[in-house]
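Here are the chains, one letter per residue:
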Amino acid sequence: NAGVTQTPKFRVLKTGQSMTLLCAQDMNHEYMYWYRQDPGMGLRLIHYSVGEGTTAKGEVPDGYNVSRLKKQNFLLGLESAAPSQTSVYFCASSYPYDSLVDIGYTFGSGTRLTVV
Amino acid sequence: EDKVVQSPLSLVVHEGDTVTLNCSYEVTNFRSLLWYKQEKKAPTFLFMLTSSGIEKKSGRLSSILDKKELFSILNITATQTGDSAVYLCAWAGGTASKLTFGTGTRLQVTL
Chain A
1 NAGVTQTPKF
11 RVLKTGQSMT
21 LLCAQDMNHE
31 YMYWYRQDPG
41 MGLRLIHYSV
51 GEGTTAKGEV
61 PDGYNVSRLK
71 KQNFLLGLES
81 AAPSQTSVYF
91 CASSYPYDSL
101 VDIGYTFGSG
111 TRLTVV
Chain B
1 EDKVVQSPLS
11 LVVHEGDTVT
21 LNCSYEVTNF
31 RSLLWYKQEK
41 KAPTFLFMLT
51 SSGIEKKSGR
61 LSSILDKKEL
71 FSILNITATQ
81 TGDSAVYLCA
91 WAGGTASKLT
101 FGTGTRLQVT
111 L
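Sequences listed follow chains A and B, in order. Using this note's numbering, the letters of the first sequence map in sequence onto residues 1 to 116. Using this note's numbering, the letters of the second sequence map in sequence onto residues 1 to 111.
Isolated chain A (complex conformation):
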């Protein structure tokens, strides 16, 4: 019963490098989300998806791209990493709102990314 799995768990990038974070869920959830968490800032929504083949911008989308080619996977890409993107990234998935009651989101365990 894996839930939401994020890979990798840790990564160090040099400024200007690119990388992709993978999120996979096995709960057949329609909705998926990418958040970043910085000290004192809480979790901020980067991008989200309401279904296979769809993506939308969240609160802090600049510098990131996403794709949802398969329902179970949601990829977050950094095309040219910057030190300001040093953060902990969390993926989450959920049912549509009407089914959220007493469930909330299911979060992955996070990816700690450092850009030097």
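Simulated from the structure, these hints should not be mistaken for laboratory data. Some hints here could point you the wrong way.
Stated by the list, open to error - One-sided excerpt, in silico: chain A residues whose CB lies under 8 angstroms from chain B:
hint: 1; residue: Leu45
hint: 2; residue: Phe90
hint: 3; residue: Ser94
Ideal Cβ positions, reconstructed from N, Cα and C, are used throughout, including at glycine.
For this one, chain A is given, so just place chain B on it according to the hints.
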């Protein structure tokens, strides 16, 4: 601009104390408010509150929502060291079940 404000930002209590964490919100299209506990890694779900005045309870934790005054509280009674964590509140509104989080309250329970 929508905002969720949690207070206090941090709190240190002794084991056995009772604590109250606050979450106030000014948001459009409010649907519900959620509480999460975050230890070292991913946030874990505690409660989802949609209706005013109805308390949700789980063991020593309880929460209630006041939609008129736009706030929620999370109570923890007889605190234990295992309650040490960051407690996050988030509101759900608009489309796509998006959650907007507050900055969290860091609770430390000491012996």
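Taking the hints in turn, this is what the structure says about them:
{"no.": "1", "hint": "Leu45", "in the structure": "holds, 6 angstroms"}
{"no.": "2", "hint": "Phe90", "in the structure": "holds, 6 angstroms"}
{"no.": "3", "hint": "Ser94", "in the structure": "holds, 5 angstroms"}
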